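Trainee: Based on the hints, put chain B in the right spot on chain A.
Protein chains in written order, with my numbering: chain A, 1 to 109; chain B, 1 to 116.
Derived from the structure by calculation, the hints contain no laboratory data. Take these hints with a grain of salt, some might be off.
[Unchecked claim] Below are the DSS-like pairs computed for lysine-lysine, each with C-alpha atoms no more than 30 Å apart in a straight line:
(1) K20(B) - K42(A)
(2) K20(B) - K96(A)
(3) K55(B) - K14(B)
(4) K41(B) - K57(A)
(5) K78(A) - K59(A)
(6) K41(B) - K66(B)
(7) K41(B) - K78(A)
(8) K41(B) - K96(A)
(9) K64(B) - K96(A)
(10) K69(A) - K57(A)
(11) K55(B) - K69(A)
(12) K58(A) - K42(A)
(13) K78(A) - K58(A)
(14) K42(A) - K59(A)
(15) K96(A) - K55(B)
(16) K20(B) - K64(B)
(17) K20(B) - K55(B)
(18) K42(A) - K57(A)
(19) K64(B) - K42(A)
(20) K41(B) - K58(A)
(21) K41(B) - K14(B)
(22) K41(B) - K59(A)
(23) K64(B) - K41(B)
(24) K42(A) - K14(B)
(25) K78(A) - K66(B)
(26) K66(B) - K42(A)
(27) K69(A) - K58(A)
(28) K20(B) - K41(B)
[Claimed, not checked] Part of the chain B face toward chain A, derived, beta carbon under 8 Å:
(29) V4
(30) F39
(31) Q42
(32) S43
(33) L44
(34) L46
(35) T49
(36) N51
(37) L102
(38) A105
(39) F107
(40) G108
This one's a predicted model, so the numbers in the text were calculated from it and none came from an experiment. No residue lacks a Cβ here, since even glycine has one placed at the ideal position from N, Cα and C.
Next come the chains, spelled out residue by residue.
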Amino acid sequence: ILNVEQSPQSLHVQEGDSTNFTCSFPSSNFYALHWYRWETAKSPEALFVMTLNGDEKKKGRISATLNTKEGYSYLYIKGSQPEDSATYLCAFIADKLIFGTGTRLQVFP
Amino acid sequence: GAVVSQHPSWVICKSGTSVKIECRSLDFQATTMFWYRQFPKQSLMLMATSNEGSKATYEQGVEKDKFLINHASLTLSTLTVTSAHPEDSSFYICSATPRLDLTEAFFGQGTRLTVV
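Only chain A is shown next, with the shape it has when bound in the complex:
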């Protein structure tokens, strides 16, 4: 059974703080990993697709890194804003998408 874990489960930070969270996945037979941002009452929004070991991708204040050999990916948010409040999901691509439980981020003004 393929297991994808995310930590922490939830995170509360002050506006302006930088934060990061982790997605752990099976390191063997890696193909690709998705990061999604999911706001309440909206569709999950694709942030990044990570494919190569050592990949680093950036979108505004959000960036992600990938280590396929040790089976983890980090998502970083620099200078968190209240609008960053959402659940961040990672999904491991096998023959289907296998999701972690998500990290729920709340940013307080």
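Mentor: Relative to chain A, chain B alone:
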């Protein structure tokens, strides 16, 4: 990004009735659509994978007679919860992809089903 529309966003039904949820890819042809269910504080659990014109592939433990999936076209898949019971109350969400390697996957808004 591409748009996937899921309807309804919420539904309340009586026990014993059936409920149909639609998932449409609005601006692309979806080779594959997925249906997920989410229990409180748990991750999205894949229920079934559907390809246009063929029978859906159900995950272990998902009753195919209970959760009927039809993928009639490259832009539409439906999930029908038949003879719904309160334990079927949950959040259901679909995903569609234009790519066989799943490196692009777009989600609907989800449907909150409450069976009373």
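Trainee: Against this structure, judge whether each hint is valid.
Mentor: Verification of the hints:
1. K20(B) - K42(A): Between K20(B) and K42(A) the Cα gap is close to 20 Å, so the pair holds against 30 Å.
2. K20(B) - K96(A): holds (24 Å)
3. K55(B) - K14(B): With Cα atoms ~28 Å apart, K55(B) and K14(B) stay inside 30 Å; holds.
4. K41(B) - K57(A): Since the Cα atoms of K41(B) and K57(A) sit roughly 28 Å apart, the hinted pair holds (cutoff 30 Å).
5. K78(A) - K59(A): holds (11 Å)
6. K41(B) - K66(B): holds (24 Å)
7. K41(B) - K78(A): Judged against 30 Å, a Cα distance of about 26 Å means the pair holds.
8. K41(B) - K96(A): holds (21 Å)
9. K64(B) - K96(A): holds (18 Å)
10. K69(A) - K57(A): holds (18 Å)
11. K55(B) - K69(A): violated (37 Å)
12. K58(A) - K42(A): holds (22 Å)
13. K78(A) - K58(A): OK: K78(A) and K58(A) at ~11 Å, within 30 Å.
14. K42(A) - K59(A): Judged against 30 Å, a Cα distance of about 20 Å means the pair holds.
15. K96(A) - K55(B): At roughly 17 Å apart (the allowed maximum being 30 Å), K55(B) and K96(A) satisfy the hint.
16. K20(B) - K64(B): holds (14 Å)
17. K20(B) - K55(B): holds (17 Å)
18. K42(A) - K57(A): holds (24 Å)
19. K64(B) - K42(A): It holds: about 28 Å lies between the C-alpha atoms, which stays within 30 Å.
20. K41(B) - K58(A): holds (28 Å)
21. K41(B) - K14(B): Satisfied, since the Cα-Cα distance of roughly 25 Å is no more than 30 Å.
22. K41(B) - K59(A): The hint holds at about 28 Å.
23. K64(B) - K41(B): Holds. K64(B) to K41(B) sits at ~25 Å (cutoff 30 Å).
24. K42(A) - K14(B): Holds. K42(A) to K14(B) sits at ~26 Å (cutoff 30 Å).
25. K78(A) - K66(B): Status violated; Cα separation ~45 Å.
26. K66(B) - K42(A): holds (27 Å)
27. K69(A) - K58(A): holds (21 Å)
28. K20(B) - K41(B): holds (25 Å)
29. V4: Holds. Min distance 7 Å.
30. F39: violated (11 Å)
31. Q42: holds (6 Å)
32. S43: Where the cut-off is 8 Å and the nearest Cβ of chain A is about 4 Å from S43(B), the hint holds.
33. L44: Holds - the Cβ of L44(B) comes within 8 Å of chain A, reaching about 4 Å at its closest.
34. L46: Holds, because the Cβ-Cβ distance from L46(B) to chain A comes to roughly 6 Å (cut-off 8 Å).
35. T49: Nearest chain A Cβ about 6 Å off; hint holds.
36. N51: violated (12 Å)
37. L102: Cβ of L102(B) sits 5 Å from chain A, so the hint holds.
38. A105: holds (6 Å)
39. F107: holds (4 Å)
40. G108: Result: holds, 6 Å to nearest chain A Cβ.
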